[in-house]
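There are 2 protein chains.
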Amino acid sequence: MTSAELARVPFSVPWRATYAMIADALAAAGLPDADAARCAELMTQADLTGADGHGIFRLPQYVRRLKADGFNKQPNITVSRTAPATAIVDGDNGMGHLVMSRAADEAIAIARESGASWVGVRRSNHAGPAGLYAEMPAAQGMIALYAAVANANHMATWGGADLLLGTNPLAIGVPTGDKPLVFDMATSIVAYGTVKKYALRGLTMPEGWFVDAASGAPITDPAKSAAGLLLPMGEYKGSGLALMIGLIAGVLNSAAFGRDVIDFNADDKSETNTGHFIAAIDIARFVPLQAFTAEVDRHVRDLRHSRRLPGVDAIRLPGDRRAACRDERARDGVPVPAPLLVQLDKLAAELQIKPLRAR
Amino acid sequence: MTSAELARVPFSVPWRATYAMIADALAAAGLPDADAARCAELMTQADLTGADGHGIFRLPQYVRRLKADGFNKQPNITVSRTAPATAIVDGDNGMGHLVMSRAADEAIAIARESGASWVGVRRSNHAGPAGLYAEMPAAQGMIALYAAVANANHMATWGGADLLLGTNPLAIGVPTGDKPLVFDMATSIVAYGTVKKYALRGLTMPEGWFVDAASGAPITDPAKSAAGLLLPMGEYKGSGLALMIGLIAGVLNSAAFGRDVIDFNADDKSETNTGHFIAAIDIARFVPLQAFTAEVDRHVRDLRHSRRLPGVDAIRLPGDRRAACRDERARDGVPVPAPLLVQLDKLAAELQIKPLRAR
Numbered sequence: 002m003t004s005a006e007l008a009r010v011p012f013s014v015p016w017r018a019t020y021a022m023i024a025d026a027l028a029a030a031g032l033p034d035a036d037a038a039r040c041a042e043l044m045t046q047a048d049l050t051g052a053d054g055h056g057i058f059r060l061p062q063y064v065r066r067l068k069a070d071g072f073n074k075q076p077n078i079t080v081s082r083t084a085p086a087t088a089i090v091d092g093d094n095g096m097g098h099l100v101m102s103r104a105a106d107e108a109i110a111i112a113r114e115s116g117a118s119w120v121g122v123r124r125s126n127h128a129g130p131a132g133l134y135a136e137m138p139a140a141q142g143m144i145a146l147y148a149a150v151a152n153a154n155h156m157a158t159w160g161g162a163d164l165l166l167g168t169n170p171l172a173i174g175v176p177t178g179d180k181p182l183v184f185d186m187a188t189s190i191v192a193y194g195t196v197k198k199y200a201l202r203g204l205t206m207p208e209g210w211f212v213d214a215a216s217g218a219p220i221t222d223p224a225k226s227a228a229g230l231l232l233p234m235g236e237y238k239g240s241g242l243a244l245m246i247g248l249i250a251g252v253l254n255s256a257a258f259g260r261d262v263i264d265f266n267a268d269d270k271s272e273t274n275t276g277h278f279i280a281a282i283d284i285a286r287f288v289p290l291q292a293f294t295a296e297v298d299r300h301v302r303d304l305r306h307s308r309r310l311p312g313v314d315a316i317r318l319p320g321d322r323r324a325a326c327r328d329e330r331a332r333d334g335v336p337v338p339a340p341l342l343v344q345l346d347k348l349a350a351e352l353q354i355k356p357l358r359a360r
Numbered sequence: 002m003t004s005a006e007l008a009r010v011p012f013s014v015p016w017r018a019t020y021a022m023i024a025d026a027l028a029a030a031g032l033p034d035a036d037a038a039r040c041a042e043l044m045t046q047a048d049l050t051g052a053d054g055h056g057i058f059r060l061p062q063y064v065r066r067l068k069a070d071g072f073n074k075q076p077n078i079t080v081s082r083t084a085p086a087t088a089i090v091d092g093d094n095g096m097g098h099l100v101m102s103r104a105a106d107e108a109i110a111i112a113r114e115s116g117a118s119w120v121g122v123r124r125s126n127h128a129g130p131a132g133l134y135a136e137m138p139a140a141q142g143m144i145a146l147y148a149a150v151a152n153a154n155h156m157a158t159w160g161g162a163d164l165l166l167g168t169n170p171l172a173i174g175v176p177t178g179d180k181p182l183v184f185d186m187a188t189s190i191v192a193y194g195t196v197k198k199y200a201l202r203g204l205t206m207p208e209g210w211f212v213d214a215a216s217g218a219p220i221t222d223p224a225k226s227a228a229g230l231l232l233p234m235g236e237y238k239g240s241g242l243a244l245m246i247g248l249i250a251g252v253l254n255s256a257a258f259g260r261d262v263i264d265f266n267a268d269d270k271s272e273t274n275t276g277h278f279i280a281a282i283d284i285a286r287f288v289p290l291q292a293f294t295a296e297v298d299r300h301v302r303d304l305r306h307s308r309r310l311p312g313v314d315a316i317r318l319p320g321d322r323r324a325a326c327r328d329e330r331a332r333d334g335v336p337v338p339a340p341l342l343v344q345l346d347k348l349a350a351e352l353q354i355k356p357l358r359a360r
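Those sequence lines, one after another, are chains A and B. Quick note on numbering: the first sequence equals residues 2 to 360 in the working numbering. Quick note on numbering: the second sequence equals residues 2 to 360 in the working numbering.
The set of hints was computed from the structure by calculation and includes no laboratory data. Each hint should be verified, as a subset may be incorrect.
All copies of an identical chain are treated as equivalent in the list; a pair is satisfied when it fits inside any one copy or across any two copies.
To be verified - Computed list of lysine to any residue pairs in SDA-like fashion (alpha-carbon distance at most 25 Å, straight line):
no.: 1; residue 1: Lys197; residue 2: Glu236
no.: 2; residue 1: Lys180; residue 2: Gly160
no.: 3; residue 1: Lys74; residue 2: Ala331
no.: 4; residue 1: Lys198; residue 2: Ala339
no.: 5; residue 1: Lys198; residue 2: Asp298
no.: 6; residue 1: Lys225; residue 2: Arg308
no.: 7; residue 1: Lys355; residue 2: Arg309
no.: 8; residue 1: Lys355; residue 2: Pro338
no.: 9; residue 1: Lys198; residue 2: Glu236
no.: 10; residue 1: Lys74; residue 2: Ala214
no.: 11; residue 1: Lys347; residue 2: Ser102
no.: 12; residue 1: Lys180; residue 2: Arg260
no.: 13; residue 1: Lys198; residue 2: Thr79
no.: 14; residue 1: Lys74; residue 2: Gln344
no.: 15; residue 1: Lys68; residue 2: Pro219
no.: 16; residue 1: Lys270; residue 2: Ser226
no.: 17; residue 1: Lys68; residue 2: Gly209
no.: 18; residue 1: Lys270; residue 2: Asp346
no.: 19; residue 1: Lys68; residue 2: Arg305
no.: 20; residue 1: Lys355; residue 2: Arg17
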């Protein structure tokens, strides 16, 4: 390997070390200890489940925003029940992880009472991977739908050249007899976190991810992606779905969408007014939970053991990769690329906390 | 034009004529007059809005199934409210259009009371285009989500070679100050109705739609598609979404999914136990309806007037094509391809009703 290649090999760090580093850094940046611990827990879940763009990778940015007072460090998160099945959560510009955890709890509580719930969220912030929140009701015997307005517009509407749409993710959680199925997709052809990972590791992107807004020509250098358009998943389908999610997770909740979205990668100070929704459906109101999970398990077995196309080594279902990754990384540690480690060392020095390598 | 090309030019028939032909044929096949009229109305909406695989095109098949007692001609459609926000509709094997209309009414009524609703449907049948049902709550100031388990398995799970997944469609309706936005997508790369349309017109399909299950090689002849695998939208994303919809629209409602799906193209007799869900969200519980539609209109204007990529003549948003098509076809008539006209003449003779050309 050349030294450049070697620099791309990530260090593996035990998750307890990344967790402790995140919790200490957020607390040192001004978050109350309990809130710092809760955010660290969810960011560590992101790292363990392979959502590399959403774990410790985000720490330098979150600390920057905390120091710039872009987040409210002591938010008064309020929940208004507006009907038997609906609620609006106002995050008071707190960290998205705290706001969305509260909203997921509420969605579960309402669905327990009313059979189904629809919880809209406004004045929140970036909350990490969508799958995290879809998994919460699923762990309580419920089906979950979660979506969010992404915190920067990297897409245009299909055929357009203005950055008016985000990668607005959708996640669905369904309980099984074992680990829940967790479907988590960006409405873009890849998540923007993946692009950032490519940039961090100095990799070239495949054609078909980004095009130049003026010429429509492909862009493959992740460093030049900011000037381009990230393409939607499935052409007009991903674009249409990103729009509908934007209206339901954003506009319905009086949260930002379209031209009003704050690019939180570029701006550490302005309130983002991030919108999400989470809905839960109590399975027991439709069919006994055990009958449901037994049927799901039967269908999952059918799919998993189906014949395969030539060259395919195994069938992967939604949530398989995150479950396998969680096992592997709990054992072997979280990979931290060298450039990120350099950033984290600098951060530790700034905040006067123990560096990651010493943990 | 060659005579073969000429044969592909569809006749244009006024929608009142296609409507009357559908209503008369369904009634002659044994459906009560009011039910025949309701189905004809919804099938005509499909024809008018450009869902060519779901309108009069389906009439010969529906009549065949009625005559074979595959549909219950006088179903006792029941609605059980299982919690303040949930209901299960049992269609008693009636025509899907009747069952889903009833379910949409219930979803609207529950959302009016409880803010949001989740209505599961079982023992239904093919109900036409998903957009029809997403539009119903949207016309009442509500956001709607609709999905269904498709009536035949044309897809495999990503990497698999067994036909275990349908093109399970998802539709979302959102009110605006004008016509609602209606997003309607199959989770396959194209809807199977489109494949049938290609077959009927003798057209070659593009590569990337179908592959051979054994070799993985492309299939471009629609007549050979039955032996192949229809590919999902966005690779593993469409496959994952089709699975999750199958579990939520099918398994949750004790309706068919996976190996249990009856191929209603091949089998006119067996009960399909088709599952759907429809959810409605009453916008007024989140924000005043007029404030919502004004904001949606503002964002729609931004998107519609955004700059365009080279070679793009206009920006199209979800529902634009169906709205334009409805205007055009209400004026100019519904296109009926020559081979379908031949089938419909034969059907009219069999049922001893007036043929389409004489209407």
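Hints and how they fare:
1. When the C-alpha separation of lysine 197 and glutamate 236 is checked against a cutoff of 25 Å, the pair qualifies both within a copy, at 22 Å, and between copies, at 22 Å.
2. In this assembly of identical chains, lysine 180 and glycine 160 lie within 25 Å of each other by CA distance solely across copies; the values are 22 Å between and 40 Å within a copy.
3. With identical chains, the CA atoms of lysine 74 and alanine 331 are never at most 25 Å apart, being 30 Å at best within one copy and 58 Å at best between copies.
4. Taking CA atoms no more than 25 Å apart as the test, lysine 198 paired with alanine 339 passes inside one copy only; the shortest distance there is 12 Å, against 54 Å between copies.
5. For a Cα distance limit of 25 Å, the shortest separation of lysine 198 from aspartate 298 qualifies neither inside one copy, at 34 Å, nor across copies, at 36 Å.
6. When the C-alpha separation of lysine 225 and arginine 308 is checked against a cutoff of 25 Å, the pair qualifies only between copies, where the shortest distance is 20 Å, while the shortest distance within a copy is 42 Å.
7. Taking the shortest Cα distances, lysine 355 and arginine 309 never come within 25 Å of each other, neither inside one copy (49 Å) nor across copies (50 Å).
8. Taking the shortest alpha-carbon separations for lysine 355 and proline 338, only the intra-copy value of 19 Å comes in at or below 25 Å, while the best inter-copy value is 74 Å.
9. In this assembly of identical chains, lysine 198 and glutamate 236 lie within 25 Å of each other by CA distance both inside one copy and across copies; the values are 23 Å within and 22 Å between.
10. For the homomeric pair lysine 74 and alanine 214, neither the shortest alpha-carbon distance inside one copy (38 Å) nor that between copies (56 Å) is at most 25 Å.
11. When the C-alpha separation of lysine 347 and serine 102 is checked against a cutoff of 25 Å, the pair qualifies neither within a copy, at 30 Å, nor between copies, at 61 Å.
12. Taking identical chains as interchangeable, the C-alpha atoms of lysine 180 and arginine 260 lie at most 25 Å apart only when they sit on different chains, with a minimum of 22 Å there against 39 Å within one chain.
13. Taking the shortest Cα distances, lysine 198 and threonine 79 never come within 25 Å of each other, neither inside one copy (35 Å) nor across copies (53 Å).
14. In this assembly of identical chains, lysine 74 and glutamine 344 lie within 25 Å of each other by CA distance solely inside one copy; the values are 23 Å within and 69 Å between copies.
15. For a Cα distance limit of 25 Å, the shortest separation of lysine 68 from proline 219 qualifies neither inside one copy, at 37 Å, nor across copies, at 55 Å.
16. Taking the closest pair of Cα atoms, lysine 270 and serine 226 come within 25 Å of each other only inside a single copy of the chain (23 Å); across copies the shortest separation is 55 Å, beyond that limit.
17. Taking the closest pair of Cα atoms, lysine 68 and glycine 209 never come within 25 Å of each other, the shortest separation being 37 Å inside a single copy and 50 Å across copies.
18. Taking identical chains as interchangeable, the C-alpha atoms of lysine 270 and aspartate 346 lie at most 25 Å apart only when both belong to the same chain, with a minimum of 24 Å there against 69 Å between chains.
19. Proximity of lysine 68 and arginine 305 under a CA criterion of 25 Å is satisfied in neither setting, with 48 Å inside one chain copy and 39 Å between copies.
20. Taking the shortest alpha-carbon separations for lysine 355 and arginine 17, only the intra-copy value of 14 Å comes in at or below 25 Å, while the best inter-copy value is 77 Å.
Hint compliance for this structure: hints 3, 5, 7, 10, 11, 13, 15, 17 and 19 are not met, and every other hint is.
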